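Peer 1: Taken in sequence, the protein lines are chains A and B. Residues 2 to 335, numbered by this note's numbering, are exactly what the first sequence covers, in order. Residues -19 to 248, numbered by this note's numbering, are exactly what the second sequence covers, in order.
If you are wondering where the hints come from, they were derived from the structure by calculation, not from laboratory data. It should be emphasised that the depicted structure is a prediction, and the values quoted were computed from it without experimental measurement. Cβ atoms here follow ideal geometry from the backbone N, Cα and C, with glycine treated the same way. It is possible that some hints are incorrect.
Pair by pair, the computed Cβ-Cβ distance ranges are [said to hold, decoys possible]:
id, chain 1, residue 1, chain 2, residue 2, range
1, B, F65, A, K73, 24 to 34 angstroms
2, A, E108, B, L164, 20 to 30 angstroms
3, A, G124, B, W160, 27 to 37 angstroms
4, B, F65, A, V167, 38 to 48 angstroms
5, B, R64, A, K73, 17 to 27 angstroms
6, B, G107, A, R58, 56 to 66 angstroms
7, B, L164, A, G124, 26 to 36 angstroms
8, B, W160, A, D55, 28 to 38 angstroms
9, A, D201, B, A55, 43 to 53 angstroms
10, B, W160, A, R173, 33 to 43 angstroms
11, B, Q72, A, H247, 54 to 64 angstroms
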Amino acid sequence: MITVTGARKAYGSFAALDGVSIDIPAGSLTALLGPSGSGKSTLLRSIAGLEDLDEGRVVIGGEDVTQVPPQKRGIGFVFQHYAAFKHMTVRDNVSFGLRIRRRPRAEIARKVDELLEIVGLDGFQHRYPAQLSGGQRQRMALARALAVDPQVLLLDEPFGALDAKVRADLRRWLRRLHDEVHVTTVLVTHDQEEALDVSDQIAVLNAGRIEQVGTPDELYEQPATDFVMSFLGAVASLDGALVRPHDIQLEREPAGAVRTRGTAQVRARVERVVRLGFEVRVELLAEGSGDRFAAQLTRAVAQRLALRPGEVVRAWAPVHDEARPLPSTAGVAV
Amino acid sequence: MRTAPTTRLGLRLLALGYLVLLLALPIALILVRTFSPGVEAFLASVRTPAALSALNLSLLIVALVVPLNVGFGVATALALVRGRFRGRGLLQAVVDLPFAVSPVVVGVSLILLWGAGGWFGGVESLGFRVIFGVPGMVLATVFVTLPFVVREVEPVLHEIGTEQEEAAATLGAGAWQTFWRITLPAIRWGLTYGVVLTIARSLGEFGAVIMVSSGFPGVSQTLTLLVHARYIDDHNTYGAYAVATLLMGLAVLTLLLMTLLDRKRSTR
Ligand SMILES: Nc1ncnc2c1ncn2[C@@H]1O[C@H](COP(=O)(O)OP(=O)(O)O)[C@@H](O)[C@H]1O
Ligand SMILES: [Mg+2]
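Construct the complete structure from the given sequences, taking the supplied hints into account.
Peer 2: Here it is as structure tokens:
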């Protein structure tokens, strides 16, 4: 549905997008995930036509829109800071695109009523944006973007300015909305939890390049690079290899155990045992390197081991080397 | 510690005295002089053909200058805030020039440019009189009031940023639609202040206008020129006071309008 090929964009000598290609399937909700400054907004704005690419193409719904202005791309865009039209009521904000298109009054009224109900703002239609909460403003902005029946909906950190609780509520609400409306949606976020929570597909960006594209499960279970691995979910460094804390196994064993291929292992001293509901986190200090890391055990395993601070254990974890074919900068010596 | 309250009181009295002496006293004196012979005398003095013509001319100049300044001011502010072009720094400095240059100098340079023998003096032979005509006075007034709209609109444009306009574009609005429906409403208060300041200054401008006006009573005298002429040339001091009062009345009206608009704005 959206295809970006070889996108490059430089600000001066700095490459904000450094050869980005991505396919976004029709009807999907795709997250562009990456740290601040990785080029997410630049990519999204290029899809919208708000930014011109130096090189590369953007195809939406089979049509090459690289040279098409944002007005004619059939997109809806939602900004982090709402971009509410401050001098217009909620109703006028939502109907803006339809009024620009000179739709018949009755149709506008019907459509706006419908959208206001969907976003839960039917009681607020005569208010001005200044009289709404952040979450309400963003729902208004969403209704405004959806009013023109966009082919694709582009959201640039739409919940970034909201507090944690509202953010979590709104993103679930967005997911439900997406399941109803089925419009191809691209969501920019720097919050891995948000990306894992709502999206069908995640593209991880780093320094203007795409590191990996995949379903949340694929990215979590088979990260292609150390960057992806450490960006999605917790990681521990074990003997120079990145592993998930819940993949680490602890054994009370005599020193000098044989090293098996495909595993990373290290002798470590238990510093603290923390109970977190169903799970137990064991904080460890690696002997030799002096690295601190944590292992996540199930309660049953933890009870069986009955570890005490000060004890020395062997910590080991499988290393999915074959699942990470791309060359990585860290952990090469596994 | 003990001297502080007396020092403070002293400073306050000094400031107050300064204001009274410099602002309140002269204005009050003119008002007293104007109205001591009665309202009838005042009305008679400001209803002479020369006075009415001066009032008309002053208002005509305002009516011509305001749209010019609005158009130019908004365009310049947009260029200064949004534009990325060479010479932006130069434009910034040029906009403030009228604040730095004496109005008399403005008048002289306009004569040099448009007067007989000037660069553009040729238009006179085409029957279009600039210097010693209304166009010259309008040009002079435009020059001295040029920064007001630009400088009032500029910070507002900075503040609103470009997101609302980008949102409008993604919703299908073209450049003009976005300007009329989004940008203009967003800057309207800055624009209003700029216009009010322009009106006040246009009514009050003297130095630049006197240089480029022929100064004929009933033809090319603005209110300020009339005050001057009555006082200096006709030795009609009372007539000068009366027209000065009229000018002040117009200024007060403008300020009042601004306060009203301001109140309307804060209820929003
Ligand atoms: N208009 C601009 N001028 C100069 N640099 C920019 C501009 N916009 C973005 N950048 C730079 O490009 C990089 C990517 O920006 P952006 O796409 O906004 O990142 P993200 O949204 O992932 O935080 C950043 O380093 C940013 O500083
Ligand atoms: Mg961003």
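Peer 1: Work down the list of hints and note, for each, if the structure agrees.
Peer 2: Against the structure, the hints:
no., hint, in the structure
1, F65/B x K73/A: 24 to 34 angstroms, "holds (27 angstroms)"
2, E108/A x L164/B: 20 to 30 angstroms, "holds (27 angstroms)"
3, G124/A x W160/B: 27 to 37 angstroms, "holds (30 angstroms)"
4, F65/B x V167/A: 38 to 48 angstroms, "holds (42 angstroms)"
5, R64/B x K73/A: 17 to 27 angstroms, "holds (25 angstroms)"
6, G107/B x R58/A: 56 to 66 angstroms, "holds (60 angstroms)"
7, L164/B x G124/A: 26 to 36 angstroms, "holds (30 angstroms)"
8, W160/B x D55/A: 28 to 38 angstroms, "holds (32 angstroms)"
9, D201/A x A55/B: 43 to 53 angstroms, "holds (47 angstroms)"
10, W160/B x R173/A: 33 to 43 angstroms, "holds (39 angstroms)"
11, Q72/B x H247/A: 54 to 64 angstroms, "holds (60 angstroms)"
When each numbered hint is compared with the structure, no violation occurs for any of them.
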